[in-house]
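First to last, the sequence lines map onto chains A and B.
Under our numbering, the first residue of the first sequence carries the number 1, and numbering increases by one thereafter.
Under our numbering, the first residue of the second sequence carries the number 1, and numbering increases by one thereafter.
Bear in mind the hints are in silico, worked out from the structure with no lab data behind them.
As the structure is a computational prediction, the values presented were derived from the model and not from experiment.
Where a beta carbon is used, it is the ideal one built from N, C-alpha and C, also for glycine.
Cross-link-like lysine to aspartate or glutamate pairs, in silico, EDC-like; alpha carbons within 20 Å at most:
1. B:K185 x A:E58
2. B:K404 x B:E228
3. B:K179 x A:D72
4. B:K349 x B:D555
5. B:K185 x A:E74
6. B:K179 x A:E13
7. B:K183 x A:D72
8. A:K145 x A:E104
9. B:K185 x A:D72
10. B:K182 x A:E13
11. B:K182 x B:D303
12. B:K309 x A:E54
13. B:K183 x A:E58
14. B:K141 x A:E11
15. A:K75 x A:E160
16. B:K141 x A:E13
17. B:K182 x A:E74
18. B:K182 x A:E39
19. B:K182 x A:D72
20. B:K309 x A:D53
21. A:K79 x A:D53
22. B:K41 x B:D457
23. A:K157 x A:E77
24. B:K140 x A:E11
25. B:K182 x B:E137
Simulated coverage check for chain B against chain A, where a stretch passes if three residues somewhere in it have a Cβ under 8 Å from a Cβ of chain A:
26. 114–124
27. 299–305
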Amino acid sequence: MPTHIFSVLCENEPGMMMRICRSFMRRQVNIDSITVGIEPSGLARIILMFNSDERTAEFLRQVLLRLTQVIDVEKLEEKTSIVREIALLKTKQLSEEERGRVLEEIEKVGGRVLQVAGKALIAEIYGDHERIEKLIHTLGSGVLKEVARSGQVIISKTME
Amino acid sequence: MPKMSGAKILIETLKSERVKHIFGIPGGATIPIYDVLYDEKEIRHILTRHEQAAAHAADGYARVSGKPGVCMATSGPGATNLVTGILNAYMDSSPVIAITGQVPKPFLGTDAFQEADMMSIMLPITKHNFMIRSVSEIPKKVKLAFKIAMTGRRGPVHIDFPKDMQVAETEVEIPRKVKYQKKVKVRPRAEEVRRAVELLVQANRPLILAGGGVISANAATEVVKLAEILQAPVVTTLLGKGAIPENHPLALGMLGMHGRMAANLAVTECDVLFGVGLRFDDRATGDVRHFAPRAKIIHVDIDPVELGKNVRVDVPIVADAKIALRAVIKGIQSLAKRGKGGQWLERVKKMRKDFAPRMDYDDVPIKPQRVMKELMRTLSEEAIITTEVGQCEMWAAHYYEVKKPRHFIVSGGLGTMGFGFPAAIGAKVARPGCDVVDVAGDGSFLMNSQELATAVDNDIPVVVCILDNRYLGMVKQWQDLFFDKRRSAVDLGETPDFAKLAEAYGAWGETVTRPSEIAPKLEEALRCGKPAVLDIVIDPEEHVLPMVPAGGRIDRMLT
Ligand SMILES: Cc1ncc(C[n+]2csc(CCOP(=O)(O)OP(=O)(O)O)c2C)c(N)n1
Ligand SMILES: [Mg+2]
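Please take these sequences and the hints and turn them into a complete structure.
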């Protein structure tokens, strides 16, 4: 099933996330990524990624638009958008050899070590979704103790 | 500017929205509001005996009057008792305003006495809901609630009102109007109208399918006009009953699971289906793969979510039913075209005659069909029918010919037993000049029979006609037809004596067992000047037929 991205402009009020998320829950659709930011206007912009067939996606778009506090729902395409994500990675206690390999992998994808304590370290990596996925996959659960991710922040390339 | 308490501001704002009636029950968290109501002359508060009934009464009031109905409950159990009624209003797009007391703001989220998280509970069952968070925002939020309930597709709105906000005072002005930014498309695009008109004038077998949206948009006149210009039959959904006088030669009655055969066949045979103000519910369409299989479908609805949701649509039109109908009528007239009539019209007339429902049974025990005949004979076209849920509702929907919009009030989407009686109370309050009759099942009536006290005490003379089969009849029917007659937990036994129950409340009550007694006793009930219960003992073995089994094709009915 194709991935869909919605950029939802809505009022910034308590419960807004719940209203939006339950619309997906009710139709048995899993949200893969969700980020929220407040626009200069004071409105909130919620960016959602999910997988569903086209018909369900369009239905969900209408369901969101029906919500009283939703002002607009823009459908974004990955191809015509800029997608960014940040991940913070905390490792387990590593052997000397492991550490060398980990540092190498992190550098290879442009990541950066933020803190070292004993034999463990915390690194950051940012970029598109695939790059982060790949690094996390390469390091694996043998190395990584904790991963915190921003979710995908997306903006369309169109400019008026 | 005068200083007012939050409770006073609420009541003044309700008055500015021309609210004349509130249905409700007070409690700890709404006492400040009731204290204001104590001196209030312009608003009549009707004390129900259960909050569910307050919600249904507000719903019935709204459907009959076309104006928002208001109900009120205290926090916690009072508020949760509203839930079924509010969901019922939501499912049938009825504009109800529910106001509930809430624990004071500092106690929110602490499981304080009689605290229920109503913001979460009401969220999925209202069009919108909000909490009063400051006294000064009361006028704006309350007015907005009315605006939201009445804009676009109608629906219930809930306001949660913490007690400290009712007591706190401030100086505010109540604005005449509030701005609601939400954009709702009510006008069809010229291109959409052109395509619909083109299909309709070229059609050999056009058909109009009218739903509840026609009623709420007050577009019944336009439906009849379009039907006459096109010479097209009109079929309605359950909530669409009243969109055309059902004795009109082009009216084929209701479609669907318990619809009329003529309606279901016409839908199956038509080549253009003009659906307006409906959501193609599964009880109406049956198996969607075989729904209107030969037709191009034009679908007009104010709610974009509905278009293409259940059936494939060739011409989707987001618009208000009345505006769209007028545009289409104008489009057809400007082409100086009329319907072709001819063979299709002959076919429609023949079906109407061949499948005319039979009601002239003289049997004892009384056949429910005969009850419908007697009701139609006795009641004027101004009478308002509400129904409970079950066989009783489907008999009324199938047989009773409704002549006017807003005169047939049922629980459609939710199928709520216990709806009809409190809805009748609401209807009578809205239209005291009309006779109001609840066509009830014995099981359903018992779910809100305590409202006899409300009706007697507040002098609201409605008539409950119980189709008394001493069964949860509709469930029994399914067990008989699809579960090998294994009648599990559907026998209601011998109790109560409904006439005596009515009398115990100070209402009029009688039991009838013979067909010839129905009309005179109904007359008596209508003219006795008090709430009345007419217990009609009917044949407990009778099924609602014809019937489309769940998920079946609507042109293949069990008879
Ligand atoms: C509140 C509620 N509970 C249960 C049901 C399931 N149900 C649907 S019809 C029915 C029987 C209704 O019995 P009655 O009111 O006597 O009407 P009848 O079918 O006998 O005419 C039941 C239990 C329901 N619709 N609503
Ligand atoms: Mg019964």
